[in-house]
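> Chains as they are written, first to last, in my numbering: chain A, 205 to 523; chain B, 1421 to 1686.
It should be emphasised that the hints constitute simulated quantities derived from the structure, not laboratory data.
Note that this is a predicted model, so its numbers are computed, not measured.
Check the hints yourself; a few may be wrong.
As the list claims (entries may be wrong) - Listed next, the in silico SDA-like pairs over lysine to any residue satisfying Cα-Cα at most 25 Å (straight line): (1) A/Lys289 / B/Arg1528; (2) A/Lys423 / A/Gln513; (3) B/Lys1433 / A/Lys423; (4) A/Lys423 / A/Ala303; (5) A/Lys289 / B/Gly1440; (6) A/Lys355 / B/Gly1517; (7) B/Lys1433 / A/Pro329; (8) A/Lys289 / B/Arg1681; (9) A/Lys348 / B/Arg1681; (10) A/Lys341 / B/Lys1433; (11) A/Lys348 / A/Ala332; (12) B/Lys1433 / A/His314; (13) A/Lys348 / B/Thr1610.
The residues making up each chain are set out below.
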Amino acid sequence: MSVTATARPDPAARPMNAAIVVHGLTKRFGQRAAVDDLDFEVPEGSLAGFIGPNVAGKTTTLRMLVGLLTPTAGGGDVLGQQLTKPERYLGRVGALIEAPGFYPGLTGEHNLRVLAAAAGLDAEPIPALLERVGLGKRAHDPYKTYSLGMKQRLGIAAALLGDPELLILDEPANGLDPQGMRDMRLLLSALRNEGRTVLVSSHLLGELEQICDWLIVIKDGRRLFQGAPEELLGVEQLSLRPEHERDLAALANIVDSRGLEPQVVGAQLVVPFADPDARSDEIADIVRAATAAGITLVEIAPQNTHLEQSYLDLIGGRR
Amino acid sequence: MINSFHAEWLKLKRPAVILGAGGALVLLACLAVVLTFAAASADVGPPPLNNPPLLSTTAELATAAGISRGFVIAAGFIGILVFVLFTASVAGEFSQGTLRALLTRQPRRTPLLIGKLGALLVASALTLAVALAASIALSFALAAVRGISTTNWLTSSGAAEAGRAYRDTLLTVVLFAILGTALGLIVRSTVPAVAIGVGWMMPLEHIVQGVWADAGRWFPGLLLNAITRSGTDLASYDRSVLLGLIYTAALALVGAASFLRRDVTT
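If we strip away everything but chain B, and leave its shape as in the complex, we get (with noise of 0.2 Å):
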């Protein structure tokens, strides 16, 4: 498990690697900052139907929970890159014929995937918090901009908001990443198996969202986006962990006995 967590982190600690995957995800997170302060008004109006409003008032800026409002914004899009660069990965492995190479020299299955998966999870994490640092501190620069007080967020309200928002979205994270993985290892293409992902997680449960107001109780994905933003008023946040746990446990066990048992043969 650790030579499979140390042949990942090789292949992860590129530069190529570091300024693509993790800038995107970095990149991200600032955007959605930016977005949060630029379009933030003294009044947003009602919320949209099912859904918490994503445009804050400077009010709700000027509160502690403002510190991470636009990383929590960009957390469910966060959540979907990660499902799709894990889902790529593992698949791509099938596709490019690496596996079948790493397991002539690891035959043991179950360490080699989880060693991949871990040294994936911990880059997560790290660009995660980076991601976090720096949508904070410019977070702290486009509340000057605008004017916005930022006394509530340096206090320990404010780290604590920002404690939280980084673990809702590292377990949407988590969640999100063992589910695509799950994906490439059953579908074990790289197209197919991102366009299955992205198609239900994307349109697909936004669409049937649309005409059946039950789907945020019950659709994975939109329940782990639930996750970043400590519930909705569809699902709660212990529901929506609850049922993403057992959605990605579900999917995790297909994907391992798919990998474990089936042949390669590609």
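One chain only, chain A, in its complex shape (with noise of 0.2 Å):
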């Protein structure tokens, strides 16, 4: 694939409109809920991870903003327009849902020249698309030849016809090598920093954490995070070891007086930080403060969640 910019764009930079508002969306098939009572924002120009493990009901609710499920009750708006009237801003939206669905015995160039007419666009671009999606040397063979790593870069090729403002991607990952992987994010990367929003699906947070600066988070139908990823990981924490145990209490209490709340673990104490901003200078203040009781540190450590853990925490009800 053919890629650009990776950097993460900064947080507060983001527009605060709304591309994807959904409310009180519900799914039922038969008595079973597969999505329930979802609420949920994808913020405009973000790259959205929306994560869960298997049948979270990731892929229906990506079914419902396409239009090819109706919701049992809610509703949102995409795009600024309803949720039940698709017509009004498919146009402008790009979606893969599911495995890709292409026609077997068609050139996966031919594909998209079908997929292009239905949608009454511009076939012209479509050589440039495959290139892209590293599939240019390969773009007029038969799309049954084509292995399943090929078959997703098809679909995000069928998902980019029309320049979408707004990429609605279901597991674009599956199937791909670890360098595909890698490509994929850094393609995803590369159409979010191009101003568009990029929705993207996945039951493993560690293909997505490193590209997106939004996280939402399902299980059995119903959300369990959303925000930054930095809001997941939660409270930080930090690990001061003294150079003899017996100055634990005593830097604990240093560290207390100024309203943290320490931990002795083993030889050492795990201070937690609620507000990040504010870490450097509460550390230099606790570092001067032993220095002046006589408490000499020998090792100040982050302890770093990490996000798959916080992730796999928050699946898993520890949170």
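Put the complex together from the two separate chains, hints included.
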């Protein structure tokens, strides 16, 4: 795949408008609620990860967003248009839902031409799109000869037809090898940096955590989390180790007096920081106070909670 | 609708489709012509009960209707072939997941369906015209071989007979096509849809006809076949057309409602 920028933009600089807003979204199949009173929003211009374990309701939700399924209850807006009127917004949306669906006997390029014709779109950009997803050399081969990864790439190219403002991609990294997954991440970042909103689902947070600036986590059809990835990490922690274990109690008093709630763990003190922005000042203050009290700190180490662990804790119900 | 027509047309105008499906249809018509002329004799004996004679005498082939006799015999089978192709084409859109991709590009389902069906019908009509032309050309060649006079074929009556054969076959094909499309929309899976459709139209109707003589007056497949033969002893042309239209309209309504209202889950 041909890619460009990779940097994650500052979430604070993200526009406040939402490209997608859903509220109370529900889809029942018989007695089973695949999506249950779901609320979330996707900020405009964001690369949003839609994360959840298998059968969490991700694909069902995405199908409702593109008009393939009718919600049992609830609704929302996509690009400012009602969810129940997909014909009003799908012209500005590119979607890859579940496994790519193409005609086996047609070439990759021919398949895209059929889709472009169905949407009344110009077919001229198709060769460039195929180049962009790394299928330029196989564009004229029948789709049935494509590997799973190539089929996914063709699905991405199909979603990019018509230069959409919003991309809705359901597990686009399925079937990709590690290099292909890396390329996919770079491509998604590039697409977001071009000003598009990208909503991409996965059951593996690890696939997306490096690039997403917005996360929605669902399980059993319900939302567990929505926000910036930093918020999912929650409280950051720092471990402080004095030169002598006997100083732990005095060090704990110093920390405690600053409104923090330290915990003694072995020969060290674990200090949670609720406000990451104030962390540096607080550390400097603690170090100064400890030195003044004759306590020498031999180790100051961050205890980062890995995002994947936070996610697993969340879907495991431990948070 | 025009976009959907164009999209379907892009698929149909491939050599594989033209030579495959189109070629099969033309070949079927030509095969019927060959068999008709090869089997024609001075006397074919009494016709089987409840069925018009499929075998022709050389005298019948020398009449104006002889110009399209082979084509007419093939018409019923062409109808079944078209029925299978349309059923498979529509049901295949579901089972391959291509409908999902199309609907994210063209969410208005009615124009999508009409455009697709329209393209398939136009292609069928064109192929049918080619099949008729090929069958007539072959008929002239085989008539010369068998020593059958073609004088009556080259009259206005001959042209009218060929025109009528095309009209009735086209009507039959359109009705079979809509029935196949509706069945594909309802069943949504290629193999079961084709199995149900062909199983009903071919063995089931004919088995029932063997034990219930009036089956030919009521069953859709037999009635559509009767249209191509200008009616049978059991079902007149008008009755066959009327009931054929009613059956087709009823199944088309169910198929359209299914397509417009049901979720796309595949």
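> Check whether the Cα positions of lysine 289 of chain A and glycine 1440 of chain B lie no farther apart than 25 Å.
violated, 40 Å
> Keeping to a limit of 25 Å between CA atoms, is the pair of lysine 289 of chain A and arginine 1681 of chain B held or broken?
holds, 14 Å
> With a cut-off of 25 Å on the C-alpha distance, tell me whether lysine 1433 of chain B and proline 329 of chain A pass.
Given pair lysine 1433 of chain B, proline 329 of chain A holds - Cα atoms ~22 Å apart, limit 25 Å.
> Holds or violated: are the alpha carbons of lysine 1433 of chain B and histidine 314 of chain A at most 25 Å from each other?
Roughly 12 Å between the alpha carbons, so the hint for lysine 1433 of chain B and histidine 314 of chain A holds.
> Taken at face value, is the distance from the CA of glutamine 513 of chain A to the CA of lysine 423 of chain A at most 25 Å?
Judged against 25 Å, a Cα distance of about 16 Å means the pair holds.
> Quick one, are lysine 348 of chain A and arginine 1681 of chain B close enough, alpha carbons at most 25 Å?
Violated. Lysine 348 of chain A to arginine 1681 of chain B sits at ~31 Å, over the 25 Å cutoff.
> Under the criterion that the straight-line Cα-Cα distance not exceed 25 Å, is the pair lysine 289 of chain A, arginine 1528 of chain B satisfied?
holds, 10 Å
> Check whether the Cα positions of lysine 423 of chain A and alanine 303 of chain A lie no farther apart than 25 Å.
holds, 21 Å
> Holds or violated: lysine 341 of chain A with lysine 1433 of chain B, Cα cutoff 25 Å?
The given pair, whose Cα atoms are some 24 Å apart, holds under the 25 Å limit.
> Taking only the CA atoms, is the gap from lysine 355 of chain A to glycine 1517 of chain B under or equal to 25 Å?
Holds, at roughly 13 Å.
> Please verify whether lysine 1433 of chain B and lysine 423 of chain A have alpha carbons no more than 25 Å apart.
violated, 46 Å
> Given the hint that lysine 348 of chain A pairs with alanine 332 of chain A, test it: the Cα-Cα distance must not exceed 25 Å.
OK: lysine 348 of chain A and alanine 332 of chain A at ~21 Å, within 25 Å.
The structure fails hints 3, 5, 9 (numbered hints given earlier, in ascending order).
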